[in-house]
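Protein chains in written order, with numbering that gives the first Met the number 0: chain A, 0 to 82; chain B, 0 to 269.
Check each hint, because a few of them may be wrong.
What the hints assert, rightly or not - Just so you have them, the derived chain B footprint on chain A, three or more residues with Cβ under 8 Å:
{"no.": "1", "region": "46 to 59"}
{"no.": "2", "region": "62 to 74"}
To be verified - Here's a subset of chain B near chain A, in silico, CB distances under 7 Å, partners left out:
{"no.": "3", "residue": "LEU92"}
{"no.": "4", "residue": "PHE213"}
{"no.": "5", "residue": "ARG214"}
{"no.": "6", "residue": "GLY217"}
{"no.": "7", "residue": "ALA221"}
{"no.": "8", "residue": "SER250"}
{"no.": "9", "residue": "ILE255"}
Hints listed in this document are in silico derivations from the structure and should not be mistaken for laboratory results.
The C-beta atom is built at its ideal place from N, Cα and C for all residues, glycine as well.
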Amino acid sequence: MVDSLIASASVIAAAVAVGFAGLGPGIGQGNAAGQAVEGIARQPEAEGKIRGTLLLSLAFMESLTIYGLVVALSVLFANPFVS
Amino acid sequence: MFILLSVRFFFIFKKILSHFSFHCLKIFKRLKEIYMVTVLLSKIEVGSHFYINFSETLHLHGETIIVSALVVAGLSIFLALATSNLQRIPNPLQSLVEIIYELVKSIALTQMGPSYYSQFLPFIATIFLFVLGSNLSGALIPWKLIEIPSGEFAAPTNDINTTACLAILTSISYFFAGLKIKGIGYFKRYIKPAVFFLPLNIVEDFTKPLSLNFRLFGNVVADELTVTVICSLVPLIIPLPIMMLGLFASSLQALIFATLAAAYIGEVIE
Numbered sequence: 000m001v002d003s004l005i006a007s008a009s010v011i012a013a014a015v016a017v018g019f020a021g022l023g024p025g026i027g028q029g030n031a032a033g034q035a036v037e038g039i040a041r042q043p044e045a046e047g048k049i050r051g052t053l054l055l056s057l058a059f060m061e062s063l064t065i066y067g068l069v070v071a072l073s074v075l076f077a078n079p080f081v082s
Numbered sequence: 000m001f002i003l004l005s006v007r008f009f010f011i012f013k014k015i016l017s018h019f020s021f022h023c024l025k026i027f028k029r030l031k032e033i034y035m036v037t038v039l040l041s042k043i044e045v046g047s048h049f050y051i052n053f054s055e056t057l058h059l060h061g062e063t064i065i066v067s068a069l070v071v072a073g074l075s076i077f078l079a080l081a082t083s084n085l086q087r088i089p090n091p092l093q094s095l096v097e098i099i100y101e102l103v104k105s106i107a108l109t110q111m112g113p114s115y116y117s118q119f120l121p122f123i124a125t126i127f128l129f130v131l132g133s134n135l136s137g138a139l140i141p142w143k144l145i146e147i148p149s150g151e152f153a154a155p156t157n158d159i160n161t162t163a164c165l166a167i168l169t170s171i172s173y174f175f176a177g178l179k180i181k182g183i184g185y186f187k188r189y190i191k192p193a194v195f196f197l198p199l200n201i202v203e204d205f206t207k208p209l210s211l212n213f214r215l216f217g218n219v220v221a222d223e224l225t226v227t228v229i230c231s232l233v234p235l236i237i238p239l240p241i242m243m244l245g246l247f248a249s250s251l252q253a254l255i256f257a258t259l260a261a262a263y264i265g266e267v268i269e
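Given the sequences, and given the hints that come with them, work out the whole structure.
Shown next, in the form of structure tokens:
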């Protein structure tokens, strides 16, 4: 009984972790990409530099989602509360 | 009378002591549980490993060690071949190595400044090449063709222990850099910009390697999981662009790991 409760709670927790972890970085990445496009439109010769910086910062934001994913994975596959 | 009193005190004392020790034991047990939980957390993994057992307590993750040794050997052979016969007009291999060198040098130079970068360039280059090589080895080499008793060969960076090792090496190296270049004045960094930032700065020393660790591990595992899930849904053609995206993302992760290691060292010696 307790184990099934923990299992169902873990599944919900994993879903919530990935979902909410995807929410914030999604908004942030959209903002960054929009600003980068604006910058390229204003100054097309700086495209290479902007692209490099954009990719690097996108990867940083991506890593926030990945933290959520790691939490979800640990809840699903290495759950410390299931004996 | 006095003896009676002392005996009574002795019993009360003993009772208190036993009570106390009982509580201590409980706290100790609780601590042990927490410790066990953290030990379990460090075993975040999907699927099973090919264990090499040395003794009762020492298990090695065989596939990780074998693949990372192969990666190191491959990189060493590649670099030795490429730099053994240097020429003014480079052959393709030498120009590839020159491109990698320029990239790593630009990372170190922008993060650490011109006066110190050359000391830490080998470390940054090693980390970059190892992470790049192991990420690409997981994606490019058809490991599935080789059968092992349990688990399967994959990128060594999809084991959290490899990435933790790299992250701890990074954090040791920035401590070393700070102590070497600034001497004992390095510890002034902890009370900047004000004294009450001390706990935050100490916590930061622990979160830096943790975030490096999780970033690399999570990205590699996420790539492999996405490819696996999509392959199980649609096994033809559709996974190919996802695999290309995975290749791109994993080489970007190598760049980011190297950049962050350089940035942490640069922040300390600034």
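For which of the previously enumerated hints does the structure constitute a violation, in increasing order of number? 3 and 8
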